[in-house]
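Build the full structure now, drawing on both the sequences and the hints.
2 protein chains.
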Amino acid sequence: MFVGQYSHNIDSKGRMAIPAKFRHELKKAVVTKGLDNCLFLYSKKEWDKLAEKIASLPISKSNTRAFSRLMLAGAMDVDVDGQGRVILPEYLRKFAGLNKQTIIIGLYNRLEIWDEKRWEKYNLENEKNSVSNAEALDDIGV
Amino acid sequence: MFVGQYSHNIDSKGRMAIPAKFRHELKKAVVTKGLDNCLFLYSKKEWDKLAEKIASLPISKSNTRAFSRLMLAGAMDVDVDGQGRVILPEYLRKFAGLNKQTIIIGLYNRLEIWDEKRWEKYNLENEKNSVSNAEALDDIGV
DNA sequence: ATAAAAGTGGGGAAAAGTGGGGAAATATAC
DNA sequence: GTATATTTCCCCACTTTTCCCCACTTTTAT
Numbered sequence: 193m194f195v196g197q198y199s200h201n202i203d204s205k206g207r208m209a210i211p212a213k214f215r216h217e218l219k220k221a222v223v224t225k226g227l228d229n230c231l232f233l234y235s236k237k238e239w240d241k242l243a244e245k246i247a248s249l250p251i252s253k254s255n256t257r258a259f260s261r262l263m264l265a266g267a268m269d270v271d272v273d274g275q276g277r278v279i280l281p282e283y284l285r286k287f288a289g290l291n292k293q294t295i296i297i298g299l300y301n302r303l304e305i306w307d308e309k310r311w312e313k314y315n316l317e318n319e320k321n322s323v324s325n326a327e328a329l330d331d332i333g334v
Numbered sequence: 193m194f195v196g197q198y199s200h201n202i203d204s205k206g207r208m209a210i211p212a213k214f215r216h217e218l219k220k221a222v223v224t225k226g227l228d229n230c231l232f233l234y235s236k237k238e239w240d241k242l243a244e245k246i247a248s249l250p251i252s253k254s255n256t257r258a259f260s261r262l263m264l265a266g267a268m269d270v271d272v273d274g275q276g277r278v279i280l281p282e283y284l285r286k287f288a289g290l291n292k293q294t295i296i297i298g299l300y301n302r303l304e305i306w307d308e309k310r311w312e313k314y315n316l317e318n319e320k321n322s323v324s325n326a327e328a329l330d331d332i333g334v
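Line by line, the protein sequences give chains A and B. For the first sequence, my numbering assigns the number 193 to the initial residue and increments by one for each residue that follows. For the second sequence, my numbering assigns the number 193 to the initial residue and increments by one for each residue that follows.
No false leads were mixed into what you were given.
Chain copies aren't distinguished; within one or between two, either way the pair holds.
Calculated lysine-lysine pairs in the BS3-like style (CA-CA distance at most 25 Å, straight line):
no., residue 1, residue 2
1, Lys241, Lys253
2, Lys245, Lys320
3, Lys205, Lys225
4, Lys213, Lys245
5, Lys286, Lys236
6, Lys286, Lys320
7, Lys236, Lys213
8, Lys320, Lys253
9, Lys286, Lys309
10, Lys286, Lys205
11, Lys237, Lys225
12, Lys237, Lys213
13, Lys237, Lys253
14, Lys213, Lys225
15, Lys253, Lys313
16, Lys241, Lys213
17, Lys286, Lys225
18, Lys219, Lys205
19, Lys241, Lys220
20, Lys213, Lys292
21, Lys253, Lys236
22, Lys292, Lys309
23, Lys320, Lys309
24, Lys253, Lys309
25, Lys219, Lys292
26, Lys286, Lys220
27, Lys309, Lys225
28, Lys313, Lys286
Derived from the structure by calculation, the hints contain no laboratory data.
Have a look at this one:
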């Protein structure tokens, strides 16, 4: 399972190295649009569980169609190459505003990929609000 | 199973390449009129299952009759040629407002074929609602 | 300090995408 | 019925993108 934070570059071919610590679980992975302007990266195994659920929603309702288009069409299978890198497709880089410098963070069952600038901003704000955010944890008994 | 999004062209003969990743499941396929102004493309196998379901809808309701007429009468068998392309008949291209540039998206058990402009519009709107969409994840237990 | 591992960049072969010519099949005209 | 036109389908050729490999630099470990 993934924890920690790493700073990596995206090269001119759209490739980004997966932190070495995370590679053993990630021969095949799926990247998709995440919340708060970052990308989510799941192992194939984790992703399949989620995708099955989404795919089984009825096509008759317009909001479930919209939802599967967001989650499924937004996703992309990626293989890790010999150097431990994945190619992030252009539409996902655009979605997350990724330039060269990116931050990769581990969140137990997924990775998140952030543009460095956005992450710094978010993180600063987040640290400021950590006390009030923590209050919400009450609900789940932490 | 299909996920991801690809940008391909329709040529002057009405041919469109199937993304290489999707071809192995699609020697024989069925294209038909879809919802929200796009085309649905199923493997023959998936289509047969769906067609059975639609055909079993009661003929007493006018809206189910209309739906069967859309999906069943609109359907067309297509073969994938040696270069991995299918021919989209004129009436379907017209239905979906397809010009040269199209987007092909994978939605697990079907593909959707969109005019690029329409997709951009739809997708942008959809992404705006991504936060409220995320709430729906609760409902399917993610 | 040296060796090993991780991260980064780029060249070249292979695959994918695209466009078009021409044969076979079908349709239309005389 | 034959000849001409039209459409469909298969194949070839070109361009672009992707993928795999090698090489160099930087960081980590001993």
